[in-house]
Amino acid sequence: MDSSIFLLLAQDALTNGAIYILLAMATILIFGVTRITFLPQGEFVSYGALTLATLQMGKVPGTVWLVLVLGVVAAIMEAFRLQRAGLSREIPVAVVKTLIPPLVVSGIGYVCAPLNLNLGLQVLLTIMIVTMLGPLVYRVAFRPIADASILNLLIAAVAVHFALVGLGLLFFGAEGVRTPAFSEAQINLGVLTITGQSIWIYVTSIAFIGLLAYFFGRTMYGKALRAVAFNRNGARLVGISPSLAGTLAFALAALIGCLSGILIGPITTIYYDSGFLIGLKGFVSAIVGGMASYPLAAGGALLVGFSESFSSFWLSAYKDVVVFTMIIPVLLWLSLRSVHFEEEE
Amino acid sequence: MRRVGLIVFLALVAMIPLCPPFYVTMGSYIGLYTMVALGLVLLTGVTGLTSFGQAAFMGLGAYTTAVLTTTLSWSPWLALVIALLLTIGVALVLGAITLRMGGHYLPLATIAWGISLFFLFGSLPELGGQTGLSDIPALAIAGVEFRDERIYYYLIWLVCLVAMWGTVNLLDSREGRAIRALKGGLSMAEAFGASGLRLKMVVFVYSAILACLAGWLYAHMQRFVNPSPFGVNTGIEFLFMITIGGAGSIWGSVVGATLITFLKTALQGILPKLIGQTGNFETIVFGVMIILVLQWMRGGIWVFFERFLPSKPNKAIGDTSDLPMRTQPQRGEPLLRVDGIRKEFGGLVAVKNVSFDVCAGEIVGLIGPNGAGKSTTFNLISGELPRTDGNVYLGTEKISGLRPSKIARRGLSRTFQHVKLIPGMTVIENVMIGAYLRTSEGFFSAGLRLNRTIEKKVGAEAAKQLKRVGLEESMYVPAGSLPLGKQRIVEIARALCSDPILLLLDEPAAGLRYKEKQELARLLEQLRGEGMTVLIVEHDMEFLMNLVDRIVVMEFGRKLAEGLPHEIRSNPEVLEAYLGGV
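Chains as they are written, first to last, in numbering that gives the first Met the number 0: chain A, 0 to 344; chain B, 0 to 581.
Chain A extracted, bound-state conformation:
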């Protein structure tokens, strides 16, 4: 290995690592706020890239219909819940409130899809559609069982993963896509060529991490989410609604997933089922952070990125074997470090 290959691999590692940092943050956020081990995080990634690709072709992506259908299901569930709670008078307002955002989003999506907008607007449209899916998935699949054990929430998360992958195949077909790069620019630094797209990825990741830091550190909603993650009951006592926090966490997670998908769409081919492995690598990073620490998870993400890119050079067929086996020593280390604790159902 000479220095130019090393630099190339390192660049690759940083690009992927940046994405894994974003995904790990989403994973930790959702686990902290809702106790859900959200394995389908990666599906937002593939939905992001594939929705953008469909919009590029001037077609209406299936995700638009998914938003609509989930919106209607959510409204029905909301009506049913209020009916059972004996609050029938609140049904009309609640139904309208639940329906309006998905209706507006899917409406805009339906109208704008065939217009062949420029890339920037298509990206915005994609973000809008996929981000809307987060709260809807939470409302339909998780909120009714929000008090269930971590184990049952995990099973529900896996079920959502199954459903979303199947729907991905239905909406986008089995063909892989590559979305256009945001920038064709190339910067030559001696032996190293940096593509415009990887600069986009670095800048966006760093900007987004900064934004999240601002959100969690300075804004009321961000602090509320942190409060829920720190102590659910305490947060409830001071008036933070756990379901609002859950909705917000899922919206952020979907946004992060979608953004990651749009960013890596131009550098890797994304299939309907690619998201799972990408999301899981984010997950491995989150585990390195003990599912709680953002900086540790960022370190984990870079570790995953580097071991992935360097093992693809030496042992290309075993790239994923290396990455996923890495979790075992990490868990061993966590286990030795952890004080004995137990959780009850």
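These are calculated hints, taken from the structure and not from any lab test.
If you're wondering where the values come from, they're calculated on a predicted model, not measured in any experiment.
Just so you know, not all the hints are guaranteed correct.
[Said to hold, decoys possible] Negatives, chain B to chain A, calculated, CB over 10 Å: (1) G4; (2) I87; (3) T260; (4) L308; (5) P328; (6) F344.
[Unchecked claim] Reference excerpt, derived from the structure (chain B facing chain A, CB under 8 Å, subset only): (7) I96; (8) L238; (9) I274; (10) Q276; (11) F280; (12) I283; (13) I290.
Glycine is no exception: its CB is placed at the ideal position from the N, C-alpha and C atoms.
Mind docking chain B on chain A? Use the hints.
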């Protein structure tokens, strides 16, 4: 009625080979999947852990035999031994590094190792890559080969039924009851001498063994293997099987395996035609179905069936228990000595160098206002919390620093402030957990049902203790159906069932109604009459005053006073602490 149901089920299993070959094949698959799901029921539904790696364990069994029997021409039976050893080794390693930590680390470790193994199967040229390995020999016993699919079907179901029988037996045993206690946290099982970590490990290894066995049978049925059936998706489908079928019961695995297998075949036929493209669209249906089951029928389909079945027959118990008994210490002999015990949580000193003694035959009350450090002191004595400084002696032996299970072994038994009974299990079975350390039958004798004599003795002992506390008429009802007052008394019976020399009661009167408190007081009077030594932590002063021989009062983590009840009643410092000054 239950027996009739069982006979109908067995008859159905036996008659499948009369059906067309398609159904025989389906039946064989259902048998294999039931085996895997069975292990997962024990792991997930009973123990509260889960694994996505069961398909990988199946793959380990299948690939090991495939390689050894084709490339090296070994006998399949020898290959089975190697496969099982490999599986046990992997499960031990995965368990050792994840089971000590929180619940979601095992599923994540198994999903990761499942993916690794799947890619390894597909990439290693020695394993045939994506095409896999073919020409695996048929199984043979004494030269007779199992080539006929119907005979192989019977072989699969024979193994499966034996596994089911063994699992049912295991759950109805000393170790089985301790395993069922794990779902509510480790502390109860540990308090009666079981090692929670060891039990979790045994369950995980057992479930891996069942999966490996199914994989080995699969390889010799198909006579070829490739990576695709052993991916993470299959691992997830096993979890779906038990969620839909019912994770809490052995029968949930049969129901779930049958339903998912048929549904998958049907949907794989229908959906692509309906949609007009090929692909695994059944995942959408499965995903939605699981969400619906979790929201509307969390116990799975079996719970629904079970409602129509009559309740299980009462557990057979013997007439007399001749379990070995401890020699109780002489009345008045010093029994428990707490010597300068201290507990710090970071900067907070919860217990500040507290010392007191309890003599044999006494009832001592440890009281104090909320937050005085009583429960912390209690947990330092029982070993649930490690102490920062100081020592605790039981008799002449130092017990501080020992794990709760080791302390239980020395004759200390306890109840819990938040009642820890297994709600779905009968009262008598709950009480039988108390006798965990008084017998020593292991997993094998339990699985093979060689434990009946000892079980009857333990049952008789539990019945004796229930009679002692006056709950003999509630013996066969589920513990969760009793009111709180009675549940607390069941906890006392369970503690007595361990034949303790010292009984520790953690706020036994908390949340009880007046009459329930009176009954509890009467029971404790009776136990004192029988010579039992009791230490009670309580904040209800009135409840304790007429009951105990001596009182230790705590406030802000330190000992405030110690003495006879009437002395304490007139102690100005105590009055100040309780009433905020006179």
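Verification of the hints:
1. In this structure G4 of chain B is separated from chain A by more than 10 Å, as the shortest Cβ-Cβ distance comes to about 28 Å.
2. Non-interface call for I87 of chain B relative to chain A: holds, since the shortest CB-CB distance, roughly 17 Å, exceeds 10 Å.
3. T260 of chain B, annotated as away from the interface, keeps every beta carbon of chain A farther than 10 Å; the closest lies near 16 Å.
4. Here L308 of chain B stays apart from chain A, with its beta-carbon at least about 25 Å from theirs, past the 10 Å limit.
5. Non-interface call for P328 of chain B relative to chain A: holds, since the shortest CB-CB distance, roughly 32 Å, exceeds 10 Å.
6. The beta carbon of F344 of chain B sits about 12 Å from the closest Cβ of chain A, which is more than 10 Å, so the claim that it is off the interface holds.
7. About 4 Å separates the beta-carbon of I96 of chain B from the nearest beta-carbon of chain A, less than 8 Å, and the hint is met.
8. A least Cβ separation of about 6 Å between L238 of chain B and chain A falls short of the 8 Å threshold, and the interface hint therefore holds.
9. Of the supplied interface hints, the one on I274 of chain B holds, with its beta-carbon coming within about 7 Å of a beta-carbon of chain A, less than 8 Å.
10. Restraint check, Q276 of chain B versus chain A: the minimum CB separation of about 7 Å is within 8 Å; hint holds.
11. With its C-beta approaching chain A no nearer than about 5 Å, F280 of chain B sits inside the 8 Å limit, and its interface hint holds.
12. The beta carbon of I283 of chain B is positioned within 8 Å of a beta carbon in chain A (closest approach about 3 Å), and the interface hint is therefore held.
13. For I290 of chain B, the shortest C-beta to C-beta distance to chain A is roughly 5 Å, which falls under 8 Å, so the interface hint holds.
In this structure, none of the earlier numbered hints is contradicted; all agree with it.
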